[in-house]
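> Residue 1331 in the working numbering sits at position 211 of the sequence shown, with consecutive numbering throughout.
Just so you know, these hints were derived from the structure itself, not from any lab. These figures come from a predicted structure and were not determined experimentally. Incorrect hints may appear among the rest.
Capping the alpha-carbon separation at 30 Å, the derived lysine-lysine pairs in DSS-like fashion look like this [as the list claims (entries may be wrong)]:
no., residue 1, residue 2
1, 1283, 1216
2, 1450, 1406
3, 1457, 1221
4, 1457, 1227
5, 1445, 1433
6, 1228, 1269
7, 1317, 1283
8, 1283, 1196
9, 1409, 1167
10, 1216, 1151
11, 1433, 1227
12, 1342, 1406
13, 1203, 1167
14, 1409, 1445
15, 1269, 1203
16, 1216, 1196
17, 1167, 1433
18, 1406, 1445
19, 1409, 1433
20, 1269, 1152
21, 1227, 1406
22, 1152, 1281
23, 1227, 1317
24, 1281, 1228
25, 1317, 1342
26, 1203, 1151
27, 1406, 1433
28, 1445, 1221
29, 1318, 1281
30, 1409, 1457
31, 1152, 1450
32, 1151, 1318
33, 1221, 1196
34, 1152, 1203
35, 1450, 1227
36, 1203, 1216
37, 1196, 1152
38, 1457, 1152
39, 1203, 1317
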Amino acid sequence: MKLKIIITLLLTGLLLPTIGLTPTAHAKRYKKGFLYREGTQLMLNGKPYSCASFNSFQFCGCGHDYELFSDEELEKVLASLPKNIILRTWAFPSYKDNVDKLIRLAKKYDLKLILSLVDGRSSCGNFDGAPNGDGSGKTEHWYRGGYRKEYIPHVIEMTSKYKDSPAIAMWEIINEPGDVDWRLIRNLLHEVAALIKKHDPNHLVETGAFAGWAYDGYANYKALHDSPHIDVGNLHEYDYDYQNSNTIESPHFEPCLRVMTELNKVLIVGETGIISGDDCRTSLDKRAKAMREKFDVYLGMGAGGVFVWNFAKERRGCNLTFDLKDPMLKMIIDYQKANYNKK
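Build the full structure now, drawing on both the sequences and the hints.
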């Protein structure tokens, strides 16, 4: 009789949460085409997944003083990318009207998006809580509750509206939170993560954090991410050009990875970049080669994704930007095709 009961429970699926799922069995609990995780590993359609890709704030419609892609140009770019590659961009309140178009195109071409819901740096028109306009960090007043006026309704609207879209890889709570006591940042991250999961249980939630140096150490960085509603930690690094060091593995990567491993969660390198262009010390070809080495290190050590800053329609002077003609883009596309096809 006991054996008959166990068999019945197995057939109905009621016993699955208690018997230790295999990756294949666990994957069946998720919708086809939706990114999810098993511990520290990103998963897609029952298989391990990792991503070498890039950022483009221009995709959201914000160009600063750069020329934007036309609708036709944007679609042509997206159509040229490998299927299931993840792209990171903004979904700030000031540019939310462009998100629908971007999600539609991403779904059409089997791409995925990390959508950052608010900017800790107050760029691209996201001036709520900004003391000095574009580029200034949010005020303490904003972190203490000012975010509930504009930001929280935006979070609810976006996550409710797009909860059923496989084109979204994960929601990013805030790009680069900082400038205040880490406890205030932790409160914000935990509150918003729970809110996102309430309105959208289908997608991963990622913090958008810098690294431990920005929060008085890695114990605090760990505390930022220890909510059960947070799936993915973040690291932003631009160490290659710091003191002309040509650093491939950032000294902040290993401690961030250790923290996320202890939490049994995923780490992504949400931003990394190398300055190149006219009259730079690093040529375009050398930059692409160095970034490939960063991909090898970070993905090889267990990062779920690495995202280069920043793809745009045009590149000017000596900076982090790369464009359609830059060898960086071809390197990323080739790397992701080879990497994802191995899975």
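> Among the hints numbered above, which are violated by the structure, and what are their numbers in rising order?
6, 12, 15, 17, 20 and 21
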